[in-house]
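Peer 1: Sequence:
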Amino acid sequence: MKVKIFGLSFLPIQLLMLSALATCIAKSTNTASEVIVVNTTAADDSSQHPNTELILSADNDTAVTTKASAVNAADNGLNEIESEYRVEYAKKMLTYMNQSVEPCDDFYEYACGNWKNVMIEHQSQHKRSNLIDIFYSLGEAIQQLLLDENQPRDDFAYKSELNLTKRIYSDCLAADLYPLQKSEVYLEVIKSIGGFPAVDSTWKPDNFSWFNMSAHLTNYDVIGLIKEEVLPQYPFPPYFKLPDLGFAYIVHSDNIHLNSSKELNEKLMRNYLRLYGVDDEQKIDQIITDIVNVWSAILNITKNFDEDLAKCEVLSAVVMNEEMFPLWDSYLEIAWNGTQFELEDEDTWPCNYFYNQLDKVCNANKEA
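In mature numbering (1 follows the signal peptide of the UniProt record, and there is no 0), the protein residues as written are -26 to -1, 1 to 342.
Derived BS3-like pairs: lysine-lysine, alpha-carbon spacing no greater than 25 Å straight-line:
#, residue 1, residue 2
1, 241, 257
2, 257, 236
3, 201, 277
4, 236, 277
5, 156, 257
6, 178, 165
7, 66, 90
8, 340, 215
9, 340, 201
10, 257, 178
11, 285, 215
Hints listed in this document are in silico derivations from the structure and should not be mistaken for laboratory results. Keep in mind that this is a model prediction, so the values were computed, not measured.
Make the full structure from the sequences, and use the hints.
Peer 2: Here it is as structure tokens:
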């Protein structure tokens, strides 16, 4: 069974909340803002306790220090590197804060108000959000971990799994993607889950199920005609988006026949077909024409609800009184080892109108 995990740590926020709570108790909201000082002194001796002070002063009368905590941390087994890392991380956390705001007036602005100014932008402003920033930050942290050549500690519980992941990631980075290379393993996988009629003379349409092949592709994290995502809440059910159509360029009804997208997609399809032994140019032309015609037919379906799945649900339930698409049990068996989910949940389950119509198009054009 496939597992997709998206985890976030809220420990930094909890620490900031405790700091703010101490401040609120120590003074009223109209007093001067806290002065936060982080002072790190390098130890001359590796056995010396790290000298780290986080001072929260209110009205210059009340002071709370964490020097004792740092000493206790060292006594409890934290080495100098770990202690130094925590100091540096604390400094980084402080850059996220807007200390000009009273925490008891607006804690979120106090704790995170400067976040947008110190985080690297990965998206245009209208698409940017804190969640997306966190997603990219986690990705960068994972990348640093996978590129780290140092071996994990012997007592690390997941040492073998981490080393395996590092090796796979290293192999992916070293893979030669251009020019395209023929892969017999890839071809065997395709044959085992549905076939490649363009290069397989034994392929028979009677034995082919477009839906089962698409379900198998989700196990390889490949988007076919089932574009599957997984909700991050228990019981982590799948949910579905409209499939992406195209190769080098994703096509929609308004650009499928434009010169740029058409040329890019045709070029890549020709390269794939030639790579796997299709030499007849007329046959290549016909295969590409058939594929583009299927894309057009699918896009004609999505035009009926403006490529909006909410409108598709209304079309299914209210306008067309659509029957439930009958093959989802097969998908659950192939992609989820038979795990059952609530099929009636319109927020997570696919639009019946779309898949009923898609089934008609695909069954009429199995080779494409």
